[in-house]
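Residue numbers (the UniProt record's numbering), protein chains in the order written: chain A, 1 to 127; chain B, 1 to 127; chain C, 1 to 127; chain D, 1 to 127; chain E, 1 to 127; chain F, 1 to 127.
Treat the hints loosely; a few may be bogus.
Each pair may be met inside one copy or between any two copies, as identical chains are not told apart.
[As the list claims (entries may be wrong)] Here are the simulated BS3-like cross-link-like pairs (lysine-lysine), alpha carbons at most 30 Å apart as the crow flies:
1) Lys57 / Lys78
2) Lys13 / Lys57
3) Lys118 / Lys13
4) Lys118 / Lys78
What the hints contain is simulated information worked out from the structure, not anything from laboratory work.
Number of protein chains: 6
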Amino acid sequence: MNTQNRYERGLAKLREIDGEAGDRVLESLDGIAPDFARYLIEFPFGDIYSRPGLDLKSREISVVAALTALGHVAPQLKVHIQGALNVGVTRTEVVETIMQMAVYAGFPAALNGLAVAKEVFAQGDGE
Amino acid sequence: MNTQNRYERGLAKLREIDGEAGDRVLESLDGIAPDFARYLIEFPFGDIYSRPGLDLKSREISVVAALTALGHVAPQLKVHIQGALNVGVTRTEVVETIMQMAVYAGFPAALNGLAVAKEVFAQGDGE
Amino acid sequence: MNTQNRYERGLAKLREIDGEAGDRVLESLDGIAPDFARYLIEFPFGDIYSRPGLDLKSREISVVAALTALGHVAPQLKVHIQGALNVGVTRTEVVETIMQMAVYAGFPAALNGLAVAKEVFAQGDGE
Amino acid sequence: MNTQNRYERGLAKLREIDGEAGDRVLESLDGIAPDFARYLIEFPFGDIYSRPGLDLKSREISVVAALTALGHVAPQLKVHIQGALNVGVTRTEVVETIMQMAVYAGFPAALNGLAVAKEVFAQGDGE
Amino acid sequence: MNTQNRYERGLAKLREIDGEAGDRVLESLDGIAPDFARYLIEFPFGDIYSRPGLDLKSREISVVAALTALGHVAPQLKVHIQGALNVGVTRTEVVETIMQMAVYAGFPAALNGLAVAKEVFAQGDGE
Amino acid sequence: MNTQNRYERGLAKLREIDGEAGDRVLESLDGIAPDFARYLIEFPFGDIYSRPGLDLKSREISVVAALTALGHVAPQLKVHIQGALNVGVTRTEVVETIMQMAVYAGFPAALNGLAVAKEVFAQGDGE
């Protein structure tokens, strides 16, 4: 497997999961760290998300959980709540995943995660 | 729904997920904070884990992800890796969930999570 | 003790501590996670804040300390600085609690906590 | 106020709060970072803990809360649970403070904090 | 060495590193915690940054790294990216330091750090 | 550039920085996540550490800083303190980097980092 394949596979996976939001993340790196855009495509999406052994819905549930628990990464949580919906996670499953985090990272982390989900759902309703 | 039902439902759910390890957590609170053992049964397990809307396998995947990402809760990660296996998550799915965290919380968090998984799997093999 | 009592006790305690800000938190959950509003009333306020053994002023000091140290929960820190004032913690005590966190969580966390306190105090002065 | 006073005031305050455990922390810095022992005496204890405006009991409650919530500083939590007891915080108040953190930092952080408290209390009983 | 020297040395060092942004941080503490402005000058800048043994460029690289990894201290990261540039760290070195954090604290922390760097660089270009 | 080159470059870089400790990290992944050992070689070491634009000493200083500040990754901090020494960072520079973290992540994080450094230095003296 050569690097080119990794990049192409990663870009396709990024677009499958994150859609236009993924492209905006890549564009945000223009002029500051273009190589980091390439790494973002290659390692998280080309290597990790492309692995068998855990379905894409479960991967996105795990990411929504972790980003909610970490608490300081709201922009990425927003992208991945939409990403979860894009790959078939239901709104109810997103909300349940975030509520579950109240137990493991506290009520404030869960409340802030729910606020991000509310924003993402409202954007979806407005389209 | 009265409080007694909540407690009983929570205790059953705790035992379904965590098995004997759950009982040991409760016992560890004897003589220091017995009410906290009751809260642990009632809120996380009686309220949250007992909800519909997200299957138990996905709940445990979200918890393994979050505890790996938080990084400072190894004892609970150990209990919940076993809990994930108890409710039908495969070893491969546990490993994939933890590896996914390298992207979101860094390689050290993932490495330490994998070390805990290795320990849990070895205990399972030894039984 | 039945669940209804827990809810009523929690709602009264939430209003005693957080006042209108508490109601706004509950309203923010409308249409996204109404059950979470109920849990928020029942567990933190109906169970924990209602316990004897630690006076309400000390509970709020502990919460201001922890939210300052965690650093990524500014909305909740704002609510709880006001909550601390509501239950009799002085402005000086709030500021001292936050300054104390410079030792345990670093100067940036304390600086950001003081900025939130400044905002809360200014709102109080403007009423 | 000159630096000497700051050091002497800090050392007295450190010993008032932490007792022998404080001396052991200072000794642990021998041969690696002796200046850091001086800073530890001067800034946290000579400057911050010596301030009026918040009583020593409340300061220790805030520290037990923050260290429990941060989760990755068990050695310091141990020292400060003992320190809290040394300045008049009751065992019940320590336990309540840690339990309160389940709401703000999650159940695992509170469980690990209670385990440290149990250890400190047992050492106290054994003396 | 008396306290006055510590304050004067710290203020000079703060201005060397942070320039006007440092003065704005001090001013932000007016009316809320003026003593904290003094501590900020004395301990971080008068004591720590003034030490021999590690050059100022390396100190600022370590701070940009840590603030990126912690993730919840964007205002301070902004000040210290500018501070790093002020003491001779190149833009490339800032970007490389932040990218390095993807490995140790995850891609979201690095992405958010790069967004802050982009903002600081753009302000520099606009002057 | 194909993947094989990335792997070989990464393995060489890992050994340059971490020496035998790097090999032990890779071996620890045998039987649990061998692909993760490959990713660890390829992305952190083959991609990031191999970049120009920031010298290896500064990269290791940034890593020691970040791991000290994060606080919950002691095993990796140990490896990277040794790694820093391996690439020419002095013991004094390691200690100064960790002490600097007292300002940004609190005294407990710095104290625990110094304890790890003391252990690494003692092992070095014993060889």
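Now for the hints, and whether the structure bears them out:
no.	hint	in the structure
1	Lys57 / Lys78	both (16 Å within a copy, 24 Å between copies)
2	Lys13 / Lys57	both (13 Å within a copy, 24 Å between copies)
3	Lys118 / Lys13	both (25 Å within a copy, 27 Å between copies)
4	Lys118 / Lys78	both (10 Å within a copy, 21 Å between copies)
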